[in-house]
Amino acid sequence: MSVLLGTVVVVTVLGLVLALVLYLVAQRFKVEEDPRIDEVEKAMPGANCGGCGFAGCRAFAESAVKAPNLDSHFCPVGGNETMGKVAAILGYQLKEKAPMVAVVRCNGSCEARPRVNEYDGYASCYVKSLLYTGDTACSYGCLGCGDCVEACQFGALSMDPATGLPVVDEAKCTACGACVKACPKHVIELRPKGPRGMRVFVSCLNKDKGPVARKACANACIGCGICERTCTHAAIKVDSNVAYIDPALCKLCRECEALCPTGAIHGVNFPKPLDKEGVKERIKARTAKKEVKDE
Amino acid sequence: MSKLIVSPSPHIHSKDSTRSLMRDVVIALSPAVLCSVLFYGLGALVVMGVSVASCVLLEWAITKYLLKKPSTVGDFSAVITGILLALNLPYTTPWWVVFIGAVVAIGVAKMSFGGLGQNIWNPALVGRVFLLVSFPTYMTNWTIPHGWFGADAVSGPTPLGIIQEGIMQGVSIKELTAAYDYKSLLLANIGGSSGEAFVLALLAGFVYLCIRKVVKPWITLSIFATVALTALPFWLINPDVYTGPIFNLLTGGLVLGACFMATDYVTSPMSVKGGIVFGVGIGFLTMMIRYFGSYPEGVSFAILIMNSVVPLLNRWFKQPKFGRR
Amino acid sequence: MGGVHPHDMKISRDCALEQLPVSPTVYLGVAQHIGAPSVPCVAVGDKVKVGQVIAQPGGAVGAFIHSSVSGTVKSIASRPDLAGRCTTHIEIAVEGDEWLEGIDTSDTLLTTIPEDPKAIVEKIRLGGVVGLGGATFPTHVKLSPPPGSKCERIIINGCECEPYLTSDFRVLLEKSEQVVVGAALLQKAMGGVPCTIAIEENKPEAIDSIREAVSKLGYAQIEVMEMKMMYPQGGEKQLIDAVMHRQVGSGALPISVGAVVQNVGTALAVYEAVQKNKPLIDNSVTVTGAGLPRQANLLVRVGTPLQDILDYMGGIPEGTAKIISGGPMMGRAVANLQAATVKGTGALLLLSEEQTRRAPETSCIRCGKCADACPMGLEPFLLNKLSKTKDWEACEANAAQDCIECGCCLYSCPAHIPLLDNIRVGKGFVLSAIRARAATKK
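Line by line, the protein sequences are chains A, B and C. Going by numbering that gives the first Met the number 0, the residue at position 77 of the first sequence is 76; the numbering climbs one at a time, nothing skipped. Going by numbering that gives the first Met the number 0, the residue at position 296 of the second sequence is 295; the numbering climbs one at a time, nothing skipped. Going by numbering that gives the first Met the number 0, the residue at position 308 of the third sequence is 307; the numbering climbs one at a time, nothing skipped.
The following block holds chain A by itself, in its conformation from the complex (with noise of 0.2 Å):
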């Protein structure tokens, strides 16, 4: 009995006296922060993504707090809901942004750009891209090794094995642009998403010449103008043989989705298919009024 009496008693003074030594030291090193940062850090998504340019939602906090205004953080995971309350923690004035998503320009699926060599080295997109230009004619294409499925911590991106391209789950994509910085082709784009997802971009960066690029791939932007010139926004500007919409400028109305020869251009998420015959009809009937007028 006194031995475990003993026991118990050398425990207990024991573990009284290793808990003072570790209050004294935390007393001893306790550091002074801005309780500011703890409350704007559990308002974070907590995915520490670096999406926002810091090394995570720590990092942004401290920075956040010290910052004069918002205007250089923007946490692109938790959107404007989540700027919202840390502007209201910090008591600053948010500035909304419309929501972005990643876009993959590159339509270039297996049938339509033949694979002209066989690549067997590491399956990564960088290692692929030091090498050569790819195992297609495409040299601006995608890899299709799926460095930007490995950098996405969200499980928004995955390769779809019929067309060997990467395809983007608009619901988990939270714009934290880690895809964006993966792909050594730069082939994907944070694009605002657009009212109720609608969007319309060219899915190309080829830049060679219409023939070349078009045989090397037959969903190729050709960079034949016909966008930019049926487009009656002034949305779309071909640079180097390659279209690019301008997404603020863009009015979704989807001529130039109709006319594209190579259908190099998307229009995702709209609820009616395309009719390319009406949009084309109607084309004509402007472009008619319109002579009329000239003459």
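Hints may contain errors.
[Unchecked claim] Each pair of labels, with its calculated beta carbon distance range:
#1 A/K275 / C/K440: 58 to 64 Å
#2 C/K440 / A/E31: 34 to 40 Å
#3 B/V206 / C/E200: 25 to 31 Å
#4 C/R436 / A/R285: 56 to 62 Å
#5 A/L129 / C/A289: 25 to 31 Å
#6 C/E200 / B/R314: 36 to 42 Å
#7 A/D70 / C/L252: 55 to 61 Å
#8 A/K171 / B/S307: 40 to 46 Å
#9 B/R314 / C/G217: 53 to 59 Å
Rather than coming from a laboratory, the hints here were simulated on the basis of the structure. Glycine residues also receive a C-beta, built at the ideal position from the N, C-alpha and C atoms.
Position chains B and C against the provided structure of chain A, taking the given hints into account.
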């Protein structure tokens, strides 16, 4: 013409693969396996068969059903674990004890760390030591082989076991070791686990491994040297209490351990220097356990202890970088 | 330290150098060397002769490019190289074979060495000579050491340690005297320092032939050294270590230990440029592969499309899986057969699927073979892991930047882990970090 392959350099590869290296180890172990079956007969064959089969099956089942990864059975590493485990057990071991050993070796010591290349300790040795502490009666029932095919084998403890016992009863070492001349030690006329007994067969296998450049001899040689050099002063001071260097080299599975267990790629240091330190550690610990420990035999424990410090040795003993001396 | 011993496979060693017929059209790239791309100085429609300057150096580290044929400039346009990357090429349609006046095309051996070292270097510069060992660094830049450093020995690299390659061997054997005169010229250019011609021991005929030429020509302080057979014995840093027992530090140039290394092919080009006024317009190219009906060592005009060379050899044989420009350890796989040769092209190697296909990657068994094989004393298994986790700081601490990309680690790995593929990534990031630091310091 089919499509050309494009890949980063280099464009050619040596003929070595994990599979070919492991196959060489199996070949190197085969003389010892053959000897043990010839000398001990059916019992050894059953132990060997159960051990190898259960190791391979367990690895296959774990990769397929638990890890859901492609099977790694084809690389022969499970076969080696099975052979080494069997060589470490007396041929009288019941099959279910062998199976438990295989479960511990493959399931616990290898696959739970992530499979080949990830384990910290030599799987076969973990299995063996587990059995040694869990089933001491089965594990110390050694048999002295007499004649071919184990027809009239007499059971008895290992030389080191006899000596441990003898010291406790106050018998002089000289008297105890007098029973063993070195020829009988070399030619396996002693009690021991299957693999402990056939020193010449094991050494032949090891020479093969060195010639094929599968292993480098430094670890093994440094173990032998350390065991001999540690035993020498003790033996010179008091040969009545301490066994001699040559006796220690030839008994207790030291040859098996030094040639095949300590040289396992995964659980040994990479650099030559690290390997020598590793070997010295094993040799010294073995002798300390043999002289002063309560177990008669220390190679397994010594190797497992030194396995634990391999990451440290890899960190400390790096080869010099070119131009940074 | 380190190195591997692949089978040397020199199946084309007995094929004498032969002249490849001039192609109907050649394409001369403006970026055939390390440094600034050259600037074309001809216009479309111009008539050019063999040896005429068609592009001028684009910077201090740059080289002249001479027309390798006579004919008409058809275009100056972007064209994919063997990796598919587009660079500017000057396309010349060949008409006849008219050489520029002043070029000595005879076989007479000119052994008199000019007195003025500067004149030699200037002639090398005007000849557009670049290092033919693979790096294609402009030779005249290498021969002008930065102030404060002093050259103590010039090493002529005749190791040719890569399997299959035999073009340097044939040059050593058939043009021994020219190579020795070239060595003497390089020696003079560096101020009369001693010169070592290093040849691997698997080329005894070449060693004998060069020894004979050295004693016959009687230049002072030129010695022939027999090197152990080991890959990469011909790596610049490894060679200096073997010849001079000095190790070039991390990030340092050979001149920091008083060494200048030039390839055998470069020595020949130097001889031709200085003594014969013949600029670098052709080089020797080994065309080899077990599947080819015959092996060859060809003298190829710079800018010849690879397809033309293969056609001359009887086309691409059945079963060819990979075509490599250079050796099997460090050469580059060809993705585009329309690409043209450059000054540094030393070989075309055809490998079958069985010879070259990579086996699937399995787990690392920590055998340490990669570390044993690394001639730079690095730990490839570790760098591979650090590079995959993108830990560039740790890559730098473990000297990823010292990697010479010799391929020994990947060659020897029994688990077929793509070590070098990943280490290259780490090396690239570390080097750019080092450059960025140096830039901010300035």
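Status of each hint after checking the structure:
1. The hinted window of 58 to 64 Å between A/K275 and C/K440 holds, with their beta carbons roughly 60 Å apart.
2. The beta-carbon spacing between C/K440 and A/E31, approximately 35 Å, falls within the hinted interval of 34 to 40 Å.
3. For B/V206 and C/E200, the hinted distance range of 25 to 31 Å is satisfied, since their beta carbons lie about 29 Å from each other.
4. With their beta carbons about 59 Å apart, C/R436 and A/R285 fall inside the hinted range of 56 to 62 Å.
5. The supplied range of 25 to 31 Å is met by A/L129 and C/A289, whose beta-carbon atoms lie about 29 Å from each other.
6. For the hinted restraint 36 to 42 Å between C/E200 and B/R314, the CB-CB distance of approximately 38 Å keeps it satisfied.
7. Separation of A/D70 from C/L252 is about 47 Å and departs from the stated range, judged on CB atoms against 55 to 61 Å.
8. For A/K171 and B/S307, the hinted distance range of 40 to 46 Å is satisfied, since their beta carbons lie about 43 Å from each other.
9. As the Cβ distance of B/R314 to C/G217 is approximately 56 Å, the hint placing it in 53 to 59 Å holds.
Taken one by one, the earlier hints fail for this structure only at number 7.
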